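Just so it is clear: in the sequence shown, position 170 is 170 by the UniProt record's numbering, and no numbers are missing.
These are calculated hints, taken from the structure and not from any lab test.
Wrong hints could be hidden among the right ones.
Said to hold, decoys possible - Pair ranges (Cβ atoms, derived):
no.	residue 1	residue 2	range
1	139	270	40 to 48 Å
2	148	107	18 to 26 Å
3	184	148	23 to 31 Å
4	245	207	17 to 25 Å
5	15	268	19 to 27 Å
6	151	268	38 to 46 Å
7	151	97	24 to 32 Å
Keep in mind that this is a model prediction, so the values were computed, not measured.
All C-beta atoms, glycine included, are put in the ideal place defined by N, C-alpha and C.
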Amino acid sequence: MSESSSTRAILAALAANAGIAVAKFVGYLLTGSSSMLAESVHSVADTSNQVLLLLGQRVARKPADALHPFGYGRSRYFWSFVVALVLFTLGSVFALYEGYHKITHRAELSSPAVALVILLVAIALETYSFRTAVTESRPLKGSGSWWRFIRSSRNPELPVVLLEDTGALVGLLLAVLGVGLTAATGDPIWDGMATIGIGVLLGVIAGILMVEMHSLLIGESATRAETDAIRAALETTEHVDRLIHIRTQYLGPDEMLVAAKIAMAPRIELATVAAAIDAAEANVRAAVPAARVIYLEPDLERALSR
């Protein structure tokens, strides 16, 4: 479910950003607005982001092999990290430079009305992309806040698209403000300041995403709710006395590794132990479908055995 939701959100963003990028470049050529140029580069970067996210999903579907026995699921985390590290950061640096250049070498805007019309059209398209991302994210979000979803989601693409679309909408509003104030006052400094604002915005988004994607890339555990569900599934299995300890890690957005030591009653037959482990694994998978790789180590309750 999560991959199909991510794919729909990515494709919606890809279509919107490609059209917006073309429109913004036309607007820049007609007006010479630096904030319009910064937004054009922003949209090109966003379009490239979607391509890389789709590439990550494609690579992640490769079957496990001898070199990668747990599969390629973390490719989705890697390419999401690349999106944050390279494209957002480069877009931020470019916008900061262009804004500084505009402030220090002021030039008049031509046809600001054209720029404003293009920006309003871009806002409409970006809103469509943002609504699609919100719709696809809501089933995974639950009752928590959007910020908590971004911080706790094990799905890399939806937080990237959500933050990307949010940044794009705010950036477009800054560009509208910069072009509008420049047209009203005749002072190009407003266009340059708006461009710097877009650069700072992209830098903040890049920082947030790099922190989150780095955490996913090195391996995050199950959520508290998932851990509680796994614990309950194990401890309610027949012949399992209690859970001694558990370790979990996401191998990809839809695949979790579960390793646990379980205490079992002494002097039970080996066949009973094997059947209990099989039942425990089935219970865990029923409680948390993402738990696909499970290793259970049976042990004795030491106090009872003594």
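Against the structure, the hints:
In this structure the hint that residue 139 and residue 270 lie 40 to 48 Å apart at CB holds, the actual value being about 43 Å. Range check, residue 148 to residue 107: Cβ separation about 45 Å, and the 18 to 26 Å hint is violated. With their beta carbons about 40 Å apart, residue 184 and residue 148 fall outside the hinted range of 23 to 31 Å. Remark: the range hint 17 to 25 Å for residue 245 to residue 207 is contradicted by a beta-carbon distance near 35 Å.
Between residue 15 and residue 268 the Cβ separation comes to about 60 Å, which falls outside the hinted range of 19 to 27 Å. Hint check: residue 151 to residue 268, Cβ distance near 44 Å, so the stated range 38 to 46 Å holds. Separated by about 31 Å at the C-beta atoms, residue 151 and residue 97 satisfy the suggested range of 24 to 32 Å.
Checked against the numbered hints given earlier, the structure breaks hints 2, 3, 4 and 5 and satisfies all the rest.
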